[in-house]
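Chains as they are written, first to last, in the numbering used here: chain V, 1 to 234; chain X, 1 to 234.
Treat the hints with caution; some may be incorrect.
Chain X residues, not near chain V, derived (Cβ > 12 Å throughout) [claimed, not checked]:
| no. | residue |
| --- | --- |
| 1 | Arg-34 |
| 2 | Lys-83 |
| 3 | Ser-139 |
| 4 | Arg-163 |
| 5 | His-193 |
| 6 | Arg-199 |
| 7 | Ala-200 |
| 8 | Ser-202 |
| 9 | Val-203 |
| 10 | Asp-204 |
If the Cβ cut is set under 10 Å, some of the chain V residues that face chain X in the computed set are [what the hints assert, rightly or not]:
| no. | residue |
| --- | --- |
| 11 | Leu-17 |
| 12 | Pro-65 |
| 13 | Pro-108 |
| 14 | Gln-112 |
| 15 | Glu-166 |
| 16 | Gly-169 |
| 17 | Arg-174 |
| 18 | Lys-177 |
| 19 | Arg-201 |
| 20 | Val-203 |
Hints were generated in silico from the structure; no laboratory data involved. We put the CB at the ideal spot given by N, CA and C, even for glycine.
For reference, the chains in residue letters:
Protein chains: 2
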Amino acid sequence: MATKVAQTFRLALVQCLPGSNKVKNLQRAAEMVREAASNGAQVVSLPECFNSPYGTRYFPEYCEPVPDGDSTRMLSELAKETKTYLIGGSIPEKYQDKIYNTCSVFGPDGNQLALYRKLHLFDIDVPGKIKFTESDVLSPGQTPQTFDTEWCKFGLGICYDARFPELAGLYRNRGCKVLVYPGAFNMTTGPAHWELLARARSVDCQVYTAFCSVARDESATYVAWGHSLIVSPW
Amino acid sequence: MATKVAQTFRLALVQCLPGSNKVKNLQRAAEMVREAASNGAQVVSLPECFNSPYGTRYFPEYCEPVPDGDSTRMLSELAKETKTYLIGGSIPEKYQDKIYNTCSVFGPDGNQLALYRKLHLFDIDVPGKIKFTESDVLSPGQTPQTFDTEWCKFGLGICYDARFPELAGLYRNRGCKVLVYPGAFNMTTGPAHWELLARARSVDCQVYTAFCSVARDESATYVAWGHSLIVSPW
């Protein structure tokens, strides 16, 4: 008798609001993942930089080794506890003498399924609006990453990676049906591009696209757009 | 003394309404191109199928050889008369035993600069909404086409070609600054994708994108969306 596999599943995006206290950031993220799972989510994503304020000044202070740091250990235990596929948004990762913007993914058994380092660093200068240079502090990843679930294959990107249709097309060609981009667009790029890019990636590649943002904090040095969303290709 | 080249130019999109009378379609298109030129347009585009109603039943009746047919001869003379770069939307082209959806471009001297045959035929079946199968009658082109002006290089696509970021990316890689897509989206794909795709191609490739549609005719068998537009990458 063949195993019956459900054709649908519930994906939750956790739009948490990281502050300066890492322990509290992890606690709040965990509470929200538990809430999502208790409401039936089988796959949960956290946003970019869920354990740290977003900003180049913060990355050296908040970075950790992966998987042997507090944040990643928490993700593994939380995935196992909630029996979810947990897409760990991103954290600043310390690896050798470099810092990466890194997403790790854990399965319902707590095992790590993927480690993705942001490929396209966010170096932007819109005069009078916003200037931000991730590459001052971060190093770029080198490798696209997918992971499998019983429903379909997922492709991973982080934030500015969504600006590049080539990465999404590569995942489509590898058979991904869902692309997940933890992100933190801002008050300039958010209204200009956030929804546009999510819809474009979905229509271009005929995949579901999930953009999971941190919440907006107008007192932060970098004010995020928020507006987490999932787009259907249809 | 170096020749001074203007950094800006005026591009006009002619949103004409082709009916069943080919002679009148050509006359009306010519009037509108003259009007655009008299208002300062230096580059003018006509829409897809500007000499014919849009529909597989019409293509065999309205098709012509290019450049030795009435429609293409008119385009050449009109470009010379108005001293414009004239992007001839598209017409059904008879070539050997096949029919193509073909755009020809003429320079201000009346010489042909490009011949582009639609690469991605529009075969669509949205149950209860719209079914259309260009490939019942048309053959696909095989080659992207660009042309040069004193301002920049242009890339050509027709309608459904805009759904494919790879073609736009190829033109971007070849140095195009403007992509022109004569088109005729319909009342299903128009609201869903017309503006989205124009904006996506512009943001993805950092180029200007022009979508030139026929006008809406609610009595036609194929009702076009209209909404010609030009999108800035900024």
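>> Holds or violated: the hint that V:Arg-174 contacts chain X, with Cβ atoms closer than 10 Å.
In response: At 16 Å from the nearest chain X Cβ, V:Arg-174 fails the 10 Å test, so the hint is violated.
>> Given V:Gln-112 as an interface hint, is its Cβ closer than 10 Å to any Cβ of chain X?
In response: With Cβ-Cβ at 32 Å, over 10 Å, it is violated.
> X:Ser-139 clear of chain V by more than 12 Å, beta carbon to beta carbon?
Replying inline: Answer for X:Ser-139: holds, closest chain V Cβ roughly 25 Å.
> Is the hint on V:Gly-169 kept, meaning its closest Cβ partner in chain X is under 10 Å away?
Replying inline: Because about 7 Å separates V:Gly-169 from the closest Cβ in chain X, which is inside the 10 Å limit, the hint holds.
> Taking the closest pair, is the beta carbon of X:Ala-200 still more than 12 Å from chain V?
Replying inline: Given that some Cβ of chain V is not farther than 12 Å from that of X:Ala-200, nearest at about 4 Å, it is violated.
> Since X:Arg-199 was said not to touch the interface, does its Cβ keep a gap of more than 12 Å from each Cβ of chain V?
Replying inline: violated (6 Å)
> Quick one, is the V:Leu-17 hint okay against chain X at 10 Å, beta carbons?
Replying inline: Hint on V:Leu-17: violated, closest Cβ of chain X at ~28 Å, above 10 Å.
> When the nearest CB of chain X is found for V:Pro-108, is that gap smaller than 10 Å?
Replying inline: It is violated, given that the least Cβ distance between V:Pro-108 and chain X is near 35 Å, above 10 Å.
>> According to the definition I'm using, a residue is off the interface if its beta carbon is farther than 12 Å from all beta carbons of the partner; does X:Ser-202 meet that for chain V?
In response: Given that some Cβ of chain V is not farther than 12 Å from that of X:Ser-202, nearest at about 10 Å, it is violated.
> Any Cβ of chain V at or closer than 12 Å to X:His-193, or is the non-interface label fine?
Replying inline: The assertion about X:His-193 is violated, with a minimum of 6 Å to chain V.
> Taking the closest Cβ pair, is V:Pro-65 under 10 Å from chain X?
Replying inline: violated (35 Å)
>> For X:Lys-83, is the shortest CB-to-CB distance to chain V above 12 Å, so the non-interface label stands?
In response: holds (37 Å)
Hint compliance for this structure: hints 4, 5, 6, 7, 8, 9, 10, 11, 12, 13, 14, 17, 18 are not met, and every other hint is.
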